[in-house]
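Residue numbers (the working numbering), protein chains in the order written: chain B, 27 to 332; chain P, 553 to 1041.
You may find that some hints are simply not true.
[What the hints assert, rightly or not] Pairs of lysine-lysine, BS3-like flavour, derived with a Cα cap of 30 Å:
#	chain 1	residue 1	chain 2	residue 2
1	P	K668	B	K321
2	P	K895	P	K929
3	P	K745	B	K160
These are computed hints drawn from the structure, not numbers from a lab.
Predicted model only: the values in this text are computed from it and were never measured.
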Amino acid sequence: MTVVLLLCPPKVQAEKMVLMTSWTAQAQFAGYYVAFERGFYKAAGLDVEITHPTLATTPMITLQREQPDAIMLSLMSAMDIISQGVPLVNIFQDSMNSSNLLIARWDNDPLRMTGRKVAIFNADPNYLAYIVNKKERLNYDIIRCMSHINLFLSGAIDATMATSYNEYLQLLQAGFKIGNERIYRFSEHGYNIQEQGVYVSRSYYQAHTQTCQKFAAATRQGWEWVADHPEEALKIVMKYVRSDRAVTNLTLQRRMLQEVLNLQLDADSRKREFRVRRDMVEKASRLMLECGLLKRAVTFEELTVP
Amino acid sequence: MKSMKDYRRSLSARLSVWTVLVVTAIFLAALSIMFAESRDHVRQDTLGKARQTLDGTVLHIDNTLRAVEVAANNMLRVIENNLDKPDKMFDYSRQVLETNPGLDGCSISFEPFYYKDKGEYFSAYSYNNGDSIATENEGANYYQYHTMDWYLIPKLLDRPYWIEPYQEDADWGIVVQDIFSSYSQPIHDKAGKVVGTFSVDICLNWFSDTVTATRPFPNSYTFLLGRGGTYLVHPDTTKQFYETIFTTSLLESDSTIESLGQAMIAGEDGYRVMTYHGERLHVFYKPFKNTGWSVAMVCPESDIFAPFRQLQRTVRIVTAIGLLLLLLSTWYIVSRSVRPLQKLVDSTHQLAQHKFTGEIADSTREDEIGRLQRRFKAMQQSLGKYVNKVRQQSAVLEARHAELQQAYDHAKEEERMRNAVLHKMTKGMSAPVADITAVSRTICEEYENMTDDYMVAMVDKIETDAHQVGELLNELLRAAQEESNTRRP
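Produce the complete structure using the sequences and hints provided.
So this is what it looks like as structure tokens:
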């Protein structure tokens, strides 16, 4: 009897973890979907539940209302929330570069459109738009919107913030032919700051340190599988897209995944490092402070080390 | 079975085939002209029908949308005149749906803190679920309507605007899963400042049903594009609302579709013929006046020309049957007409085999063939008699020839025998004559040296040979005498 008990270890209850993504279902989260669907989380002893937010509100309100164990935020959003007194810890970083673009509606250079209406996303505020607005003294009329495409189509705005993996592709998909002269790429003008990462509250991290580490390892495994099997990963993505009733399609998701995988390559090493870069945190903190977007400086240590 | 060669040797077959070939050529020329003319007429008629159907659909939708606009505009005046009564906004919102059953939702929404005591969010929203109308204040931290298209666009443009179809992203209060388009317009206060927006919603299903019903041909279909090329209505429902006409071009440029999409979202009213996935398509497109959307009707060429193809099929079948009947009837008539010729051909064949007694029927026909038949019969009979006469004379000549041949052979035999006898006798005389000659020469040359005995022997020899020659000559004379007697009549 003793031998049998030793050979059959007691069934360990998988640790529950609710992850809320930063947007509706799309290829941006392929690594997480794959880690779940391919059983990487389960193999790590995790019972991860992936949920998607409503875009009708801000990340701060989502965080307060939904209280997920982990939430995906851009680096700047996380720093903003931390500076407002909500201690967060980055447990996994999938973006290594800025995907942010500023795209003019009309045939202009976006940085020559002083005083014009520029749309940013309410569900994921584009801090870089505020920063460039202040630094270049553009005096933009910044419009917080839920979705940019119809504002852009209607001509109600003069420019929009966009990510290279989503909104930019949506504009192309809407028949816009956008020349380079109409696009301001932040990463090419000294504003290459990492974006999406997974954050938990400091208290959660302290109580579930191993869970967070296992989550990070399994997620990394998921992304590496995605990089090796993009087409199979897309099938998994589309399953989530349909389940979430996200307004998108396979073609756009294919382009999105290509771009997301590209953005994961570190600018210096050209490898997928899945880490927060100290230099980018320091730069983001400095720029946000200079533009009044942070109440206080946020350090690399408090963001990454409990 | 008759071989092709037989047919080629048959006058009736050749005449029939040539007749049909000539008629076919004339038919082909005539039908080609007719088909070319008909094709153009059918094309014009069918395209006209398609265009009319599309125009009718667009007009119907435009009129319906115009009615929505009028209803909304009327209520807007009421709202703007009662801005000081915020609670009345719920009544107005509900009243819009009660008086316009075609509408599904209505929002009267205001700028943050416009009504201080109502807080940051104040939006009177009513929804008609088909059975009843529910009303609520839909604004909240979780539903920040100020950031939404239907609120932002008319506010920023400061004019009414048809919002592109959208799906609500709310998970509390009245949760609606339908896809809507909204006619939204700014609400102004007495100073002319925008203080909110007023929107009425119409479900996309209404457009879907109306547009899908626009189907003038069995395989034609209609799709509706939003301003950004989104398929608002499409027969492939997996594309509907999720893809745009430019989606496929994200991976690989498709100039045909892109060009059509650009023309449509630019609000052009047009028609073009294009090849897509190997199929020729006729595409009509027309914009809506109110919404900036564009509807396209796609008609496969097979549908456009279906009446023409039907006409072609019928004419081809009738022509083929006609030509077949023409071939058979021509064949029958010609065969019947030239049948006597066939008999004459047989008779000629018999004549060639020296048979002059074949039966040739009398003909009562008065045409060339009848005359030919009668003349041929007369010729056959005349030729038969002549040939009989020649045969009789030939037989006499042959008998005489046989007799002459026999006599000739006999004479020839006699001649041969005579020559043989002569040869034999000549040959029998030659040795004794030679001996006589030799002995005589010897005696003449050697008589001085010869002994008498020898001389006597020589003379005896000469005498013996001379006797022998004499005998032969006698025999020859006797034979000549006998022959002379034989020949004497």
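Consistency of the hints with the structure:
no., hint, in the structure
1, P:K668 - B:K321, "28 Å, holds"
2, P:K895 - P:K929, "11 Å, holds"
3, P:K745 - B:K160, "28 Å, holds"
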